[in-house]
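Protein chains in written order, with numbering that gives the first Met the number 0: chain A, 0 to 420; chain B, 0 to 258.
Treat the hints with caution; some may be incorrect.
[What the hints assert, rightly or not] SDA-like, lysine to any residue: derived pairs with alpha carbons at most 20 angstroms apart:
hint, chain 1, residue 1, chain 2, residue 2
1, B, 124, B, 193
2, B, 124, A, 258
3, B, 124, A, 199
If you're looking for bench data, these hints aren't it; they were derived computationally from the structure.
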Amino acid sequence: MLPLSYLVTATVAFVVAALALPWLAPALAGHYYQPRVLALTHTVTLGWITLTIMGASYQIVPIVLGRPIWSERLARWQLALTAGGIGGLVGHFFIGEWAGLLWAAGLVTVGVSLHLVNAILSVRGLAAWTFTARLVALAHVGLGLTAVYGTLLGLDKIVRFLPGSLFPNLHAHVHLALLGWVLPMVIGVAARVYPMFLLAREPAGWPGRVQLWGLGLGVPAVVLGILFSRALLAAGALAVAAAVLAHVVWVHAMVRGSRRPVLDWGLRFVLTGALALVPATGLGLALALDVLAGPRVALGYAALALGAWASLTIAGMMLKIVPFLVWYRVYGPRAGREPVPSLPDLGWPAGERLAWALLTAGFVALAGALALGEAMWIRAAGVLVAAGALAFAASLARVLHHLMPCARRAVVAPAPRAGTA
Amino acid sequence: MITADTNLGGLLDEHPELVEVLAGCHDHFARLRNRLLRRVMAPRVTVGQAAGLAGMPVAELVTTLRRAIGEPEEPATAAPPPAPTVAGSGPRPAELDRLRVVEVDVRDDLRRGEEPFARIMAAVKAVGPAEALVVRAPFEPVPLYDVLGRRGLAHWTEQRAPDDWCVWFHRGASVPAPAAPVATPSAAATLDVRGLEPPLPMVRVLERLDTLEPGDALTVLHERRPLFLYPQLDERGFRHETDEPEPGLVRIVIRRARP
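Please model the complete structure; the sequences and the hints are all you need to start from.
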């Protein structure tokens, strides 16, 4: 139930952020540095993306690293502190109250620290530092630095002490989170989990080295380059782009080698997200190389990166992980003793298909509308995203309702599809 | 002209409309509507073998197919009927009792429309001289006989239920007696769950354990350490040991504790 608690909390944050999009359209048509836009951004990055990754890591890391997590109790405390901190952070961003913001940021940092402690003690003494293990370790370094940087930015609002101007520090914080935490975690776990779901061989070869070196060298170069040197930024952006390209090459190879005749909707979400990574990286590269500039392009880039790539990928992984967690809790103890439903029996493909169509169209439209800066179009795209988020939440709710005893009877007893034996 | 020797894959490439004709002849052929299964299975079967697979007369199937594409309905050219492989058609080879069993159950794969050939071939590679690969399928897997026969594997088939065919592939008369005596066949059973999407590996293992006698062992071949299976084993009173004999292969030996 521990990963489920994280994933359900994260889904609530996603739905809240998506429903807020149409409402915040006038603010999003302006500059991105304003309280309500920052509140929305942190609802997505911390409430949705980070909580999902943390929860999924408590489910996936034991599988990919082959050992259980160190302490479930610590992870439960961590959820309470982090979720409370995120709520406070978003609320104080929304009302523009910086002193309260600092306390909330500190709470988030404590929660993140507990996660880091749990992660470090879980991988302590790990014998084989695989591709996935290295990227997960890299991601946790990025998470720790992002949390510290964010807290310092909050403190800087009260006692100004950070060198340099506000925007380079802000951009460095954002890219530390996106490229130093989310990206290595996603592509590291993907290398181990996608083959499991696609029924393909585990990827190997030069793309793995390009991803490791590209992120290991590129992310520090991007962050330091944003602060100190455009040339370093350009070099770092190229290295990260090479890593992304290598990841896409791997995903493509896994899809080609897949033994699945049909992709389920969770996998379609994930693969659409991987596809969106290409234009998002192109736009990021254009911004780093000064081919494009300005807040409108930056907002379009953020919509592609946080929405079309990260959100679709994470939603897809959730549609694979949550049914397994529910199945394991409800039907695992009965497996082998009586007929049990298969994972597809738990899901709601029509709802997942609707969510995929609305979210994919919505995020692409949102990126375009934000780049244009027209409130009306931003609102229209926001309605699509909000409807997609509701369809996604409804699909998950359909799976979660198997935790209720009446649903178990409905699936197992009379349904002709029941039984995997 | 279509004969009993005509390759089904080539025929369907030339006349894809025959898929529906075949599907109308027998439920087994409905699987050919799946393009992937058609691509993998059909080229390995002749029309005559397909008739045997469906349990219908060869001449009848040939005539039906000819009629569907406008060929003259002459009697089918003489072709040997499929080899008698059905349970009871031959005595169970005694050496099967001495072999370690590696079971690959592809019934669910086929029901889901997934292509099981790669999984079976992966298991074939791991079959040693003192082992038998037992393939369980919802129909008689005739195409496999030729494919695995070319790899030196003899087969013996039993039909346990209308939709449960069990084929033992083994190294035939060259099977050596095991160096060390094996207690019973079930005591040395092996279950290969590689290539299955979670949670099917766990379901397969737990189903198999239900029939495990006290003191018997089941060896499971897996792609990774099944961390979610272990609590189920502990809760059900099984002992288990895990090792990794080679990269990408995890072996779990599960024993039911003696009362």
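- Task: Could you work out which earlier hints the structure fails to respect and list their numbers in ascending sequence?
- Result: none
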